[in-house]
Structures are given as C-alpha cells and as structure tokens.
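Here are the chains, one letter per residue:
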Amino acid sequence: MIEERFDAIVIGAGPSGNAAAYTLATEGLKVLQIERGEYSGSKNVQGAILYADALEKIIPDFRDDAPLERHVIEQRIWTMDDSSHTGMHYRSDDFNEDRPNRYTILRAQFDKWFSSRVRQAGAILLCETTVTELVKDLQGKVIGVRTDRGGGPILADVVILAEGVNGLVGHRSGLRPEIAPDSVALAVKEMHFLPRETIEARFNITGNEGVVIEAMGTITKGMTGTGFLYTNEESISIGIGCIVSDFAESEVTPFELLEAFKNHPSIKPLLVGSECKEYAAHLIPEGGYKAIPQLVGDGWIVVGDAGQFVNAVHREGSNLAMTTGRIAAETVVSLHRRRIAMTRENLSAYEQGLAKTFVMKDLRKYRGIPALLHANKANFFGLYPQLISQAMQTWFRVDGVDKVSKEKAIFRSFRTGRTLGGLIGDAFRLVRAWR
Amino acid sequence: MSATARVEERLFQNRYLVDSGRPHIKIKPHDVPSRALLAMTRLCPVGCYSLSDSGQVEISADGCVECGTCRIVTQSTGELEWNYPRGGFGVLYKFG
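Residue numbers (the UniProt record's numbering), protein chains in the order written: chain G, 1 to 435; chain B, 1 to 96.
Incorrect hints may appear among the rest.
Derived pair list, reagent style BS3-like, types lysine-lysine, alpha-carbon separation capped at 25 Å [stated by the list, open to error]:
| # | chain 1 | residue 1 | chain 2 | residue 2 |
| --- | --- | --- | --- | --- |
| 1 | G | Lys277 | B | Lys94 |
| 2 | G | Lys361 | G | Lys290 |
| 3 | G | Lys112 | G | Lys57 |
| 4 | G | Lys30 | G | Lys112 |
| 5 | G | Lys365 | G | Lys290 |
| 6 | B | Lys94 | G | Lys112 |
It is worth saying that the hints were derived from the structure and are not from the lab.
Go ahead and model the full structure; you've got the sequences and the hints to work with.
Below, the structure is given as structure tokens:
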C-alpha cells in the first residue's frame, strides 16, 4: 500500500493531530496522518468552543476561511437548583473586536476545514483507516504502525499519538495506563436547530455575537459534573457531563440527565420550538495534572486528550490539544533538522517546552481541584447550590419580613446545612486547591 | 422535548455506517454479570446494553457512538472485547 518511509506519522485528525501534522508539514517534513473516520471530524465531539489564540499561533489567518459559528460576547455561569438559577453574567462589547478571542464551532465542520489546511501544507491524510498497533524494533523503539488495511508496517522516525481520550493504540502498546473511571467524564450532547433570528432574540444578540452558559448544581443529581449551552449560528449545543464512576453508582441514565437539564425551567424557554438533529456522547479526560501519563518515549510522543490535556476548571481542551500538538511537532522538527535521533531523552524537549506554556502551568495550578470536587460532590453540586438559591429567594422576596430577620435566616440556613466548621473547611480547601 | 422521550428516538437523527455482522464490541459469555457490566444497562449513553430474561447482559452495538465508557467501566472485569469499528464504519457525526 504505502511503502514509503515517513519522517513522522500522526495518529488522529482532531485538533491535536491536525496541529501537529500541519506544523510538521509546513516545516517540510514528510508526514502521514491516519484517521479512522470517513473524514476528519466525523468521530469527534466537543461543546464546542474554539479559543483563537492557540489556533492563531498555528494558522494566523484562520479567520479568513475557517467555519466559525459565533464569537462569544457573553459568558453566563449558573449555579442551579431544581427550580432556579443564580447567575454571574459577563457581557462586553469589547469582545466585538477585529480578532475575536473565542468562537463557538461545530467540530465536524471545523475539523474538516483544519484537515484541508493540513493537506494543503503537504501532509498525506489516510482516512477510514484504524491504526491497530505500533511497530517496535528489537530495542523497543517505535518505528511505525500497522493498520486495519493490512499489508506491512508503515515506517517513520517518530509516531505522534493524537488518538483522543479513548485511544487504544498507546494503551495497548503499554505506553500509558488505562484511564481510571473517576478521572474521566461522560458528556452527552444534542444539537438543537432554530432560526438564527430566534436565537438572536432569545439571547439578546445580533449578527455573529454569541452567548455561552456553563451550569452546575443539582442538575447533575449529586454527581460531579456540569452542564452547558452554547449558541451557534442556527443551532444550540446543549449538553451535560458527569464523572463516569459517579454515573456507574447512580441510577440516572445520561440521556435522562440531559432530558431533565433541557426541561429545567431556566433552560426550557431557550429551546422552545427547536428541532434536535444529532445526539452525541463523548468522554472527557478530567483527571488533570496528576493523571498525565508518560508523554514521550523512544520514537513516540503523546498529545491532546490522549495525554489528558484538559483544564476541567476552565472548560478548556481544544486549545491545550492544539498547543501540545504544535509543541510536539516543533520538537520533532528541531531534532529532524539537526539529524538527532528521536529517542526518549531527546524528545523530552517536548515536556520542557510544555512546562513553559499555559498548558502545564494551568494544569499544575489546579492539580488538587479534581480530587477536591469529587470528594465533596454532595456539597459542591448539591447542598451549596440549594443554599445559594434559598438565600437569593429569601433576599429578593418582599413579604413583610424585615431585612435583619432575613439575614439571620440566610446565615442560619448555611450553618444548619453544613455547620460553621464545615463551611470554613470547604472554603479553606477550595482556596488551597485553587492557589 | 417531553420528559418521556426515549434515546432510541434520538438516535434516528444520527448517521451510522453499520459494519453488518462485525460487531466491534462483544461481551464474553457469563452466568452472572459483574456490577460494572450490569451498570452499563443504565450508563451506556445510547442504550446499547440490555438485560436478558435469564440475567445476562446483552449488547446491540449498532447505535454505538464509540465513546468508550463501557470499556473504561469494565476494564478490571475483562468482560468486554472492545475494538473500534473498522476504518470508515460506525457513527458519522454531521455536527460533532
């Protein structure tokens, strides 16, 4: 089939794989990219928000032809109980800038576009092909891959594993451990279509302005997780995700959880009259810094979700994926130019490069958060959202009760809900994990 | 958008290229399913898993969206033989 030898093989054509393949190809390396879907993006799912900065560092003029939906001018963060939400909204006309900072996208279309740029840059893309195993030499160095198309191995100096969260190749080749059920979330998502004028009226936006909502609270029925709603041009992406081990212990099905979220009184009016055209599910690596596996070895590098590069606190992932893909590729280019072998020791320049970026700095900063939230899920995803809602209702309902009594009632509800020691302890632990 | 909606109805909207006769996930023969495998009858986001009258867990992988949840949950029990569909087959997202 393909008998040539490549400078690099990239497994996967999502954001990290495309970033890597594009960077390698533009630097003149001979690149083969292998994707199991019919086209790049056909197997991929995300919320999805595109963070411009990470892509700009790879394709500065991406705004000229990338399929972007809306640029985000308003962020809503909601704490919800069963009948209410308490929101923090930030909206600014400053986000209506020449080069907007964040966009909503549809991954199937965006990935297809990114992939077309990768091919223009000179990489060879092989779709509908699943890599079945890595090929190693007698010393254990990875020297290529085998695919389900049969034939002999395809050889390369280095293999970049951009195979996503559920990547079997690296795991089955013993390069990284299996993901623990408590450090991965299962998210389900639907695409709801509405006329663009309806979306703009409903969310108080015009043109290509967009709104995103991130939500937490009793919507996850006591499980560690969050919901989201993003406005696209003519559709709304709505989804919810929880840690897999929580789901496994719960009686709630993911589909029912999404149905309940859609029917929440704060969400339902936003979706009225819409037509659902796709239902998707995907895993999200949420273990953070402590779950990052070994990233390099003799002849291989791991990037993107396969390397657990998701910042669960800030809901960032595709930008970490693209940045790790780019830096992995830059490492390979540098070694290739100097004719230095792709050994574990030499490829560790990738890890040193990552350490200087926001990717590792941010993940390191929040290294204690996943365990903290998971250990205290009943408080953070159940009790506190309820207490906040009750406090708001007490405060805003005008019913002849004097304000001092209202203040006392609010403090009393918090202290009976969690005890003063518990409240202070949670606040202390949260601050310590956040630092 | 009724509360009684079923996931099967939702899957009609999705595009699949089913590799007939070659299911990519198989359950190994068992008398009593583990707690983890049993959980998949609720946890699979597209409802691929069901319980037979005689108490075994069965799978129909046609609607599978390849998320991998069942693989992660049953990793320690070894009850599943899990592979991706052959290249090109399986779910084909239009929006993703």
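Cross-check of the supplied hints:
As the CA atoms of Lys277/G and Lys94/B are separated by approximately 9 Å, the hinted pair is consistent with the 25 Å bound. Straight-line distance between C-alpha atoms of Lys361/G and Lys290/G comes to about 13 Å, which keeps the hinted pair within the 25 Å bound. Distance check on the hinted pair: Lys112/G and Lys57/G sit about 19 Å apart at the alpha-carbon level, within 25 Å; holds. With a CA separation close to 21 Å, the supplied pair Lys30/G and Lys112/G stays within the 25 Å bound.
For a cut-off of 25 Å, the pair hint linking Lys365/G to Lys290/G stands: about 11 Å separates their Cα positions. For the given pair, Lys94/B sits about 11 Å from Lys112/G by alpha-carbon distance, which is consistent with the 25 Å threshold.
This entry satisfies every hint, going by the numbered hints stated previously.
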